[in-house]
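K.L.:
Sequence lines, in order, name chains L and U. So the first sequence is numbered by the working numbering: it starts at 1 and just counts up by one. So the second sequence is numbered by the working numbering: it starts at 1 and just counts up by one.
Calculated directly from the structure, the hints in this document are not laboratory data. Keep in mind the model is a prediction, meaning the values are calculated, not measured. One or more hints might be untrue.
Note: identical chains are not told apart, hence a pair may lie in one copy or across any two.
[Claimed, not checked] Distance condition first, Cα-Cα at most 20 Å in a straight line; then the derived SDA-like pairs of lysine to any residue: (1) 42 with 59; (2) 41 with 58; (3) 73 with 93; (4) 26 with 94; (5) 42 with 81.
2 protein chains.
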Amino acid sequence: MILELARIDIKEGTNQDFETALETAKGVISQSKGFQEITVKKCIEQANRYILLIEWDTLEDHTVGFRESDLFKEWRALIGPFFLEPPLVQHYIAPLPPDGGV
Amino acid sequence: MILELARIDIKEGTNQDFETALETAKGVISQSKGFQEITVKKCIEQANRYILLIEWDTLEDHTVGFRESDLFKEWRALIGPFFLEPPLVQHYIAPLPPDGGV
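Just chain L, with the same shape it has in the complex (with noise of 0.2 Å):
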């Protein structure tokens, strides 16, 4: 499993506005092959910032298979908009354990 983790800074005082489209993102992008499950949570202390938590089967599914899909350019419709400056995106996954996983 592959953890996309994208933090966003939208634009001020749409919060609201940006949540509702994002609820409806959701069921667009949980359409794309490979997608697992995504989490939303709002900072504490930056009231215009969130992450996504996204979880994918492999990092392709994200970075071609949902990144070059239609699906993708309705999610960024919905959501784009909102963005106060590109979206921060990088990729997780768990290191080894201690002994290489042997």
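Chain U: place on chain L using the hints.
P.N.:
Chain U only, in chain L's frame:
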């Protein structure tokens, strides 16, 4: 539940030692009041970057209870030496459902 997201960039080439120290450090933080769970993930795009996803009962369980404790000193003594710079730590909550939870 409060999610603490800590992004840690470590000194290059210390991954193995950092991961080993973190295994010990998990046993320290997990003794703190209000601690629920910790998940460690390693960045794919940036080899010296990790995130810790730590769940607490309340914000104060982390910011006061843990940070002002001897356990924190122990935790920081274990993993602090690997930090390239001070970690970025923020706290997150689930946004309210669209109906405000009513």
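K.L.:
Now look at each hint and say whether the structure bears it out.
P.N.:
Going down the list of hints, with the structure as the test:
1. Proximity of residue 42 and residue 59 under a CA criterion of 20 Å is satisfied inter-copy only: 14 Å between copies versus 25 Å inside one chain copy.
2. In this assembly of identical chains, the alpha carbons of residue 41 and residue 58 lie at most 20 Å apart only when taken from different copies (15 Å versus 23 Å within one copy).
3. Taking CA atoms no more than 20 Å apart as the test, residue 73 paired with residue 93 passes in neither setting, with 26 Å inside one copy and 28 Å between copies.
4. Within a single copy, residue 26 and residue 94 get their C-alpha atoms only as close as 24 Å, which misses the 20 Å cut-off; across copies the closest is 15 Å, which meets it.
5. In the homo-oligomer, the alpha carbons of residue 42 and residue 81 lie at most 20 Å apart inside one protomer (18 Å), although the nearest pairing across protomers, at 30 Å, exceeds that limit.
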